[in-house]
Amino acid sequence: MRKHLILILSLYSFSSYAQNYVDILHTEYTTTPQNTFDSSNQTTDLQKVNLNLTVPIELKNGNAILAGVVYDRVSTAWDPNENKTPVSSYILKVGMNVKYSKKWSATYLLLPKVASNFKSDLGIEDFQIGGLVLAKMKKSENLSYKFGAYMNGDRFGPFLVPLFGFYYQKDKLEMDVIVPSYAKINYSVTPKITAGLNWRATVKSYNVQGAAISTPFYMHHLSNEIAAHVGFEPIKGVIIRGMAGVSLGRSFREYQTADKIDFGLSLFRFGDDRVPLNTDFEDGAFGRVEVAYRYYLSK
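First residue of the sequence shown? That's 10 in the working numbering, and the numbers climb one at a time after it.
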């Protein structure tokens, strides 16, 4: 395991009892300065694009059908003297939020995914299937607890992550935490301006093949991001956020298609004797711009 703990993908948040809004559309663009490879003086930059659309359909019994899509694109060079190699993924979100009582609810999601460089016809290696179960318990008007699990059939092997967290909102302070995936602390400076801190851990994998690639392989992306942000809401429901931070334990490692682990459990990877085909580049700074459309729920 690397010197920095590697955690999990950033989950897509759904409204809990204490939370009075849901982000219907969330987009972000991330860029970095030039990053130096560990084994040479060669450098590369990095761009990421993410779009997350969530459509909750409320039913008469208080439950909600959840549907949506997630698109992401990563573009960087994975080895010195190589050109940038963009990879993308499309995730379909299908599930339900079930309200069991005044205190208890749960979200159930099926998350099929296509993750590839899309340089040839899609095959079974380009598809992944995952799922999420997240229960929520209302402790008070300001506090709710969350716990559950995420499972995905990644290119590197089966991956299971137990989840624990909470949501807290009172006066000008908001905290949304799910360990070991993300933490968001937000403070309302004015009714239209917010500031805060963010932590996000990412684990993703993409199949890579094509006519110019003699031996198909997959890319395993790992990252832990710590950042500060400032947000602005020029009109109600439209959120613009600027963020600056540092990425730790960052890697874009190539592995042969058959080179996999036995099982991944949160921070731990069992049977991981894989041999990377490329060289990492150094940790470093990043900047991000986020734009979201937020729907406020009636109390």
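Hints were generated in silico from the structure; no laboratory data involved. Among these hints, one or two may not hold up.
[Claimed, not checked] Cross-link-like lysine-lysine pairs, in silico, DSSO-like; alpha carbons within 30 Å at most:
| id | residue 1 | residue 2 |
| --- | --- | --- |
| 1 | Lys57 | Lys102 |
| 2 | Lys111 | Lys147 |
| 3 | Lys112 | Lys179 |
[To be verified] Ranges between beta-carbon positions, derived for each pair:
| id | residue 1 | residue 2 | range |
| --- | --- | --- | --- |
| 4 | Lys112 | Ser49 | 35 to 43 Å |
| 5 | Ser49 | Tyr304 | 32 to 40 Å |
| 6 | Ala221 | Val198 | 17 to 25 Å |
| 7 | Thr224 | Glu150 | 54 to 62 Å |
Just so it is clear, CB atoms sit at the ideal spot from N, CA and C, and this is done for glycine as well.
Hint-by-hint comparison with the structure:
{"no.": "1", "hint": "Lys57 with Lys102", "in the structure": "21 Å, holds"}
{"no.": "2", "hint": "Lys111 with Lys147", "in the structure": "8 Å, holds"}
{"no.": "3", "hint": "Lys112 with Lys179", "in the structure": "18 Å, holds"}
{"no.": "4", "hint": "Lys112 with Ser49: 35 to 43 Å", "in the structure": "57 Å, violated"}
{"no.": "5", "hint": "Ser49 with Tyr304: 32 to 40 Å", "in the structure": "48 Å, violated"}
{"no.": "6", "hint": "Ala221 with Val198: 17 to 25 Å", "in the structure": "51 Å, violated"}
{"no.": "7", "hint": "Thr224 with Glu150: 54 to 62 Å", "in the structure": "57 Å, holds"}
Hints 4, 5, 6, counting from the list given before, are not met by this structure.
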